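Enquirer: As given, the protein sequences belong to chains A and B, one line each in that order. Note that UniProt numbering has the first sequence beginning at 1, numbered continuously upward. Note that UniProt numbering has the second sequence beginning at 1, numbered continuously upward.
Simulated from the structure, these hints should not be mistaken for laboratory data. From a predicted model like this one, the values you see are computed outputs, not experimental measurements. All clues given are correct.
Ranges of calculated distance between the beta carbons of each label pair, as one might list FRET restraints:
id	chain 1	residue 1	chain 2	residue 2	range
1	B	Lys680	A	Lys508	24 to 30 Å
2	A	Lys495	B	Ala307	56 to 62 Å
3	B	Pro407	A	Glu421	20 to 26 Å
Dumping the calculated PhoX-like pairs for lysine-lysine here, alpha-carbon to alpha-carbon at most 20 Å:
id	chain 1	residue 1	chain 2	residue 2
4	B	Lys680	A	Lys494
5	B	Lys361	A	Lys508
6	A	Lys53	A	Lys22
7	A	Lys498	B	Lys686
8	B	Lys416	A	Lys494
9	A	Lys496	B	Lys400
10	A	Lys495	B	Lys680
11	B	Lys677	A	Lys496
12	B	Lys361	A	Lys503
13	B	Lys291	A	Lys91
14	A	Lys94	A	Lys111
15	A	Lys111	B	Lys296
16	B	Lys319	A	Lys41
17	B	Lys326	A	Lys180
18	A	Lys482	B	Lys418
19	B	Lys296	A	Lys115
20	A	Lys498	B	Lys680
21	B	Lys361	A	Lys509
22	A	Lys503	B	Lys400
Where a beta carbon is used, it is the ideal one built from N, C-alpha and C, also for glycine.
Listed here are the chains, written in short residue letters.
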Amino acid sequence: MGGLQKKKYESGSATNYVSRNKARKKLSLSLADFRRLCILKGIYPHEPKHKKKVNKGSTAPRTFYLLKDIRFLLHEPVVGKFREYKIFVRKLRKAYGKAEWSGVKRMKENKPVYKLDHIIKERYPTFIDALRDVDDALSMCFLFSTFARTGKCHVQTIQLCRRLGVEWMNYIIDLRSLRKVFLSIKGIYYQAEVLGQTITWIVPYQFAHDHPTDVDYRVMATFTELYTTLLGFVNFRLYQTLNLVYPPKLDGQGEFNLKSTCEEDYALESESYSEKLSALSASLARTVPLVEDEEAEPDHFPAEGVSERQKCQKTLKKLFEGLKFFLNREVPRESLAFLIRCFGGQVSWDKSLCIGSTYDETDEMITHHIVDRPTINKQYINRYYIQPQWVYDCVNAKILLPVEEYFLGVTLPPHLSPFVEESEGDYVPPEKLKLLALQRGEKPREEEDDQIQFCLPQRLSVKVTPGKVKQENRMRTEQEEKAEEKRLAIMMMKKKEKYLYDKIMFGKKRNVREVSLLRNRCHFTIVCAFFCKFKNTIE
Amino acid sequence: MTKLKNKKRNLEENEDEQLPIFDKDGGEDAHLDDGDEDQGDLSDSEESVFSGLEESGSESDDEEEEDEEDGSEEKSSDIEEDKTADGDGDDQLSAKEVIKPQTDGQNSKEKKKKKKAAGKEGGEESVASVRDSGLQISSQVDEYEHDTSDEEDIRNTVGNIPMEWYKDYPHIGYDLEGKKIFKPIRNKDELDEFLDKMENPDYWRTVQDKMTGADIRLSDEQVDLVHRLQQGKFGDVNFNEYEPAIDFFSNEVMIHPVTNRPQDKRSFIPSLIEKEKVGKLVHAIKMGWIKPRRPKETTPQYYDLWAKEDPNSILGRHKMHVPAPKMKLPGHEESYNPPPEYLLSEEERLAWEQQDPEYRKLSFLPQKFACLRAVPAYSRFIHERFERCLDLYLCPRQRKMRVNVNPEDLIPKLPKPKDLQPFPTTQSLVYRGHSSLVRSISVSPSGQWLVSGSDDCTVRFWEVSTARCLKTVEVGGAVKGVAWNPNPSICLVAVSYDDTVVLLNPGLGDRLVCTATDQLISSYEEPEEVMDQSVQWAVAEGEGHEQGHRLILKHPKTVRQVTWHGKGDYLACVMPDNGSSLQVVIHQVSKRRTQNPFRKNKGLVQCVSFHPIRPYFFVATQRYVRVYNLIKQELTKKLMANCKWISSMAIHPGGDNVICGSYDCRLAWFDLDLSTKPYKVLRHHKKALRSVAYHRHYPLFASGSDDGSVIVCHGMVYNDLLQNPLIVPVKVLKGHTITHDLGVLDVTFHPTQPWVFSSGADGTVRLFT
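Here chain B stands alone, though its shape is the one from the complex (with noise of 0.2 Å):
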């Protein structure tokens, strides 16, 4: 066999001889492999153990295979073909060659037909060499046969398919002439398996070769190459994988060039390619698209900016701009060894921790350390300068003028009230009987009496400088209001309760007085017509008589308030109701004749009041005080109290200012000749106001509230129009106590001194003198 190839190796060689018109490469190339296959015969058997293993390996066991399996002519007679047929194939590989030089077919047309022959003989010899000497042969005749992977096994032509797809089929595959390559026959079953395991002793190096479904016997070199590979080493028994690197690439100059490659024709003439890309730049510089490198700016980093301060520079801007406030410089609780007095107490520490970061007052725990050596690194340091550069782009800037006044300046200048003087200054009397909230009073006008009207179902006459109770009268349920008739010629007092009022004749002070008030009711004389009244006058008899009762007056409604007129022969009740247009009644006394003066309901009435000199009335709903014309009979005025609900209100001797006390802690005053709105309004008490009193003479007002205090104050109101009320808080009288969340329920001044009478709900009455 080595003769053999060193035959055919000789003919290559002639043939390289006989060709010198080969190209360079090709002579390289075919030099190259003959210094291979030079190498290849000196360690040949050992060398190509593995290069070519596998295909040979199998093809020569194969051939085994059969031999010992079918010995059937015909499957050699296969193989001989086959090898015939990678002769063709050499051919051709040898025909690729032939082509480029083009020389005359004989040469070739020998060369092949002695290479047939080479192969069958080839064939033939490895057929009868496979029994007794395998592996040398069949390796050295691999080498030649199958030289790529694509061609192994050339025999079946099914391709790298999966080979189940003819699990069902007879055969598996077909040969180059398109005939069935059979399946062997194999007819073992388990058992026979078995005894092919227990008997044969190469079973264990047996494996089934897919593609042709023979079972393949592994030689020894085989078994010992998938135990090299199984380790992980190389496949090669003769590879160093230790071999000392030599450095092809060095920093050594060589004298002699890596690669032997002649230079191009290209390296010598100049490129086209280049000589368009240059045009094209040159092209782009002359049409000024490309422009030199711009010279480096010389001017230095940092010159004398304001060198020319130019005073016009200044624009309206600068004066409109607010410079952002500096930083708050630190107090001594930031130092790193403050004062002991400013670090903070473990409450205060947690108290400072628990609380929102935006709320603190400090934003830092103040600390103490024993030396500079021992501060820390402050970790907010960065965060705060953060935060210093947000407020000065993001925070609105504002000027603000700061408050900077002297808290002294703001309360306002008012006259002493020692230069006020009279007002009441000190509790003297207190007037105890009552057993219930005293509702109202009222004094005398001749200020010697005093009366009240209580929860308790009484009333009861003092007199007022010896807080005496002088006559008690029983009447048939709660008093909601007394009043006194003005009139110092009469002597009656009207007391409201329930629906009722009832006028007394107390029977205190001049005898002349009351004898004359009693026939003034007794003369009276009945009309001829009989006016149908919605309120019944009756006459008192009897025991009510015999207590002073001389007229009763029955209502419709429960009666809140009564009022006199200054001249004492007109009572006003107050009847409040939501619904209806009889809210307001007025009596005429000595007629015994009423009148409802109002068509319409205009709201919840709360009080009423006659004007001191002129015909007005006023009345008082839960927001407004109307102001009516009697004569007339014309709302003049409206006055708009500012407040939510009006309690109480006094008009002032002179008729020319209203007092108006309100649930929600106001006292407004308003001065008709000035405006419906009010001229002041004071927010005194601490507690809805239940009562106002102007006094008759003096300059001197008065507030009672739930707060238990009686206000005093004084108001002036001048003669001349263009002088405004001098409004001064004088006195802040307490002596009630608060029961059931109310304190003052009424106030009233004495008619000629300087003095003032509180009812409160502890069922007593003051006199502050």
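For reference, chain A alone in the conformation it holds in the complex (with noise of 0.2 Å):
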């Protein structure tokens, strides 16, 4: 009859997927090579709509790729990197076999090494692509910049991690762009806002690492290779768009102000440049001179909500400036001074914490002094003493919060997440209505307190009025009326919405059971607490 017969799985879906294996062939290259391609190139799989299909039948569990990406893949020029590695590994290994020393010297002279430039050009074709990105390439840096130098990984990747990370503080502290900072338990997450995009990156609290074995790092590794060339990059435009010197440079005064401290402490100048300049205390040079007037920008358009949101960033900006800090040695250091310099305030600690330190601990001009101890021996009297949550929660309520109580050993209020958004139904912990009470402008009313104790035992007597029958009556019978035209209406569903339906109502369910128990607990703390007052007041 008419034509060749047709054959399965020789069009169609089968023949846009290829699995994992026959990719890895089609590129020749080792497992462990094609995973670092797919990692820098960024090449994930694929699921195919009709996994059975493209399995030609078989339904044995495989990851796909897309056979575009991988003929995407072929042309790479790393991967001819790849190989040219494996040979020299290859040789560098028989030469060592055979003790010829200086043919390892010359090959170890003529490693090959390869550049990401060119990839991150094509995977971030834009730089706002590549800032979006970002966010993960700040977590991995300021994670291996927190690795000890021995072991896990090269010694250079923890230096340019280290420095990368710097830079960027460096640069979120002149542009003033910090957001949001929480302090979890897993570690001190920032947000900044950069061109317009959100950035939001996570520190881990300075300790050292218990290394898990059940983790690859070469897989680590090779993002951070890629991560730091991406960062590398950002820092390098971002720098430039604030006509900053890259890489960075301390400017004259805060350059002689260091100079004058502790010079010889540091063996290496180079060394101590990189130690100053992550000191995050000084100011970085500009190519161009700052000029001294911030009215030259652009032309004011009246518009409303804008024009309120830039009011309250430009106040958010300038929200520690005046104030003098002082760090105690006990404080995490260079969060709290991170954190300070980028809302415009002067912070400084002991000498013999850390370089860069700027005024002593006897100035008189100090008005904060964070502390994170039960108490202190030497006090000034002109300066709070107050714990460093206050920081954190000034730059989340972004006003000034009342210090009273900070102070220290006070119990600390709690610490709220800035990145909660309650929406409508969800629940609100009692101290956030309090915050943005605060935010209003309301004062924080003392008897807030008395006010709830006045209200149980009122709440006890309960006291039972003749209602109206009739007219209850009625609207029962509307309101059950309603709800049996909605029980009928959703008995006409399909069988898909009804799915569906049955799905968000189980979720909605779920979400007001949840919110209910946090705020009958809450309830149960508030009235545990009333008690306790009470029986003081009593004895």
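Using the supplied hints, reconstruct the complex from the two chains, each of which is provided in its own coordinate frame.
Expert: As structure tokens, this is what we get:
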């Protein structure tokens, strides 16, 4: 009859996908190299719509890549470098085996290296694209910079990560674009707004890591390789936009200040310089000297919402302006220095703690002394001694909070996440409500607690008033009618919609349940606290 | 002896002097040797105690022993010969020395002779001297005799073998001339041994030489040596192990070279090998095989990568690219100091710990710390970053439209039930009287009477408006179906029980109608030809007639359902049986005729129904509803019910719509003009549907189910063919109690009013108005 017989799986979706092993063979790479290539090029597997068709009738679990993606990888110059490197390793091993030391040395000098510039450019054709993806890069860099300089990865990588992290922080300080910060049990989250992009990253607390055994550090290292390249270019570009010198340099004044302090403590000039940079206490040098008027902004267009927001941001940028902080030695120095400088405050610390302190503890002008211990022996009169959470809470609240709740030895108010945006029906913790009231400019009422206290007994004396039966009945019947109507209508739903509806309703019910649980608990704790107070007053 | 030695040395020195042609090495060697010997001379007796002691000692002892024990001449001569042989050996050594200089043989020969003589003399003397003063001499002798270990005990030539090989032989080896060396006669037994032990004061220092089999008495020095070695000390008494170390190669530059060795010639002439190597390198450079070192790349590590943003560089790939979702932002519970309500209670914590990590809602336990200082490192930080990495490169990405629908929007907009009135809303009457399940009910065409058949073997007639039971008729079995004749001019009720269908005249209502009916039945005339029918028709007489029985139809099988044609003349009975073709029979009451319309069995018939207007006949089997044209006698339609097991069926009075209830909780509405598939399937009942019914005038239909409820729906059928029927559930009627997992068994509408009757497993019939 007509034509050739059509064979199965020779057209359609089966030909658009290729399994991982096939892809690997096509590229003639080892699995590890293939993985690295995928990481670097940002190729991820695809889930075909009809898995069985693509899998040629088999239902075995396989990962599939788009054939187009794999073809795209074929012409990657890095693949050639991978192969070269493999050959290099083989040659080197041979030379070692034969104890040809001169050969080893020569080979090591000619070690094949590859650059990822073109990949970065290819993956992020515009700068904004790159900036959008910088979240993970920052988190990874900050993690790697806390690694010990032995073992898990190259020292150079760690140093580079540290350098890039410091550069980033310096940029954020200069731009004053930090928005939110959160002390979690995992680490410290920061959120900044750079060129309209919201960038969130997490920095672990400063402790030695207990390196897990079930983590593949090669994968992490490959990611870091990519991320350091990306972050370096992003930093360069960002510094350029602010007319800052890249690699960053301290400006003349700051340099002078620092030089006068502890120059002799460091053996290496370069090391001391990078340390000074990472101290975050001095501003950076600019290619074009800064003109000292901020009013030279672009023409003002009176748009209501925007201007409101801008105003808010402007005040936020100057949150700590005019305040002088001193950090005691037990507080996380880097995080606090970063924060305070981001909002225009001045910060210093003990000279012996770290390089880059600008003034002494005895300075009369210090307004806030941040301490994280129950008491402190020598206290100066004209300054507040507060716990570090105050700084973080102020930043999140965008106002200077009253310091009373943060004095030494005082039980701190809960630290709330600034990332939670409660929608209708969500649970809002009472502390948040208080904060919102403060932000609106209402005075915190001291009697609030008392009111609750008074409320409680009132609530207990329940009054039963004779209601109008008829009215309620009508209401009730109306409600019932409506409910029944709804029930009947639900009966008529299509199967698919019914399923979806049931799912949504289930989720809603669960949310309501959770919220009510939280509310009950909150109420319970308040009542407990009240009774404790009550007991104390009686005694 | 010393004199002799000196002589010999002098001789050698003479030789040295005589042979100035010796090359420098040899000269040096000799010189060094000389020095050694001089030193040896100085401290001869003590110094050489260790150096050659064993050999020398053994030999001397040998000689002693031999002398003592054997005293035979032979041995001594042997020894002498040995000595001469030694002398020969010396000669050979000296001959080596001699060969190099290639001097005339005379000298050497002379020397040989002299040496021989010396050897002989030495031998004799040694033999003699052994007795008077042992060691000194013997050691001196040894020093010259055996320099190397392989020459030790030269008399026995067997070599370094285990001596037990000679255990069974009388001899112990061979001397240089190949003669056997016999074992010393040892006939000591245990007793002798013991005596020896007791008497011989030197027993403890006597050892046996395995090579010769002789006993050797160790000298004091030897015993001393053994002691020292046992204690781990140096063998030589005079060796000072703690001598101050002299830095031979120190950082100080000495004026004298370490060695006095003159430089080689090769250090002055260019090396050929190197020349060859350089040549190769030069050639390789010429050929371009070796390239000069590449200059270091000068481009900075980072530069403005996006200096020229090319809009063309945004490819299709980038538009297709699905960016990875950002990490979830932390909530209040992740805070180091969360509000107390976010902390888990003890039970929740336990539950969290027991949960599989994959299914945990939170990946961590919320904790509260009093101050920032107390916050420890998060142990899973690296893990979480790693998991994020894995997600980034291993997770398939898909754009999923988030269903952001308001659930209220999903609910279809239906007309309000209020606007669709009238329909039954409340239960108004309950007809009590039956003691068992009421399987079937039927309403008289006038709407005044209701008949119900129950499992308690009775048929009851009720007045609808008062719920009074007017009449109870007992039949011979559990009543499966009742059906009131739809023809208002005939008062007949078909009741089926077991394999019998009885046509009853209840005698209710208009007397005229009742009598007319009786007359109609009695006016039947037997036809001439008696047809052979599968069903026997009989006229009820006697007591039965009193009760109202008029005709009794005996079927071959159990009858489950009876149904009338709209005109009231034809009656269809269902006898479900999977095996035979006789499942449905149609009776004509006026002619008392029975037909079996189907020749073939098409499955288990559940129920049948006549078309209200046209000559169609509906047969519902387990999964299909077949529509037959009775006149043309053919199948016109086959409706697919899409359900597992049809339980009941009802035809719309218009005749174009059918509803089917099924045991899998569905109600399917078929529009016959539209398709053979259901126009709409309703799943509003929780349990199996038992019965469905249409209202004759109002656009209503009802379904009764095992969940004890009757659902009344508005089912409007429009005359316009383009408009689909409107189906709106309007009321859920509840009243029946569920007994034995059965709820409502039958529903029927009142013929004129919007009322619905339902019979249930609780033995009641209820009226909802």
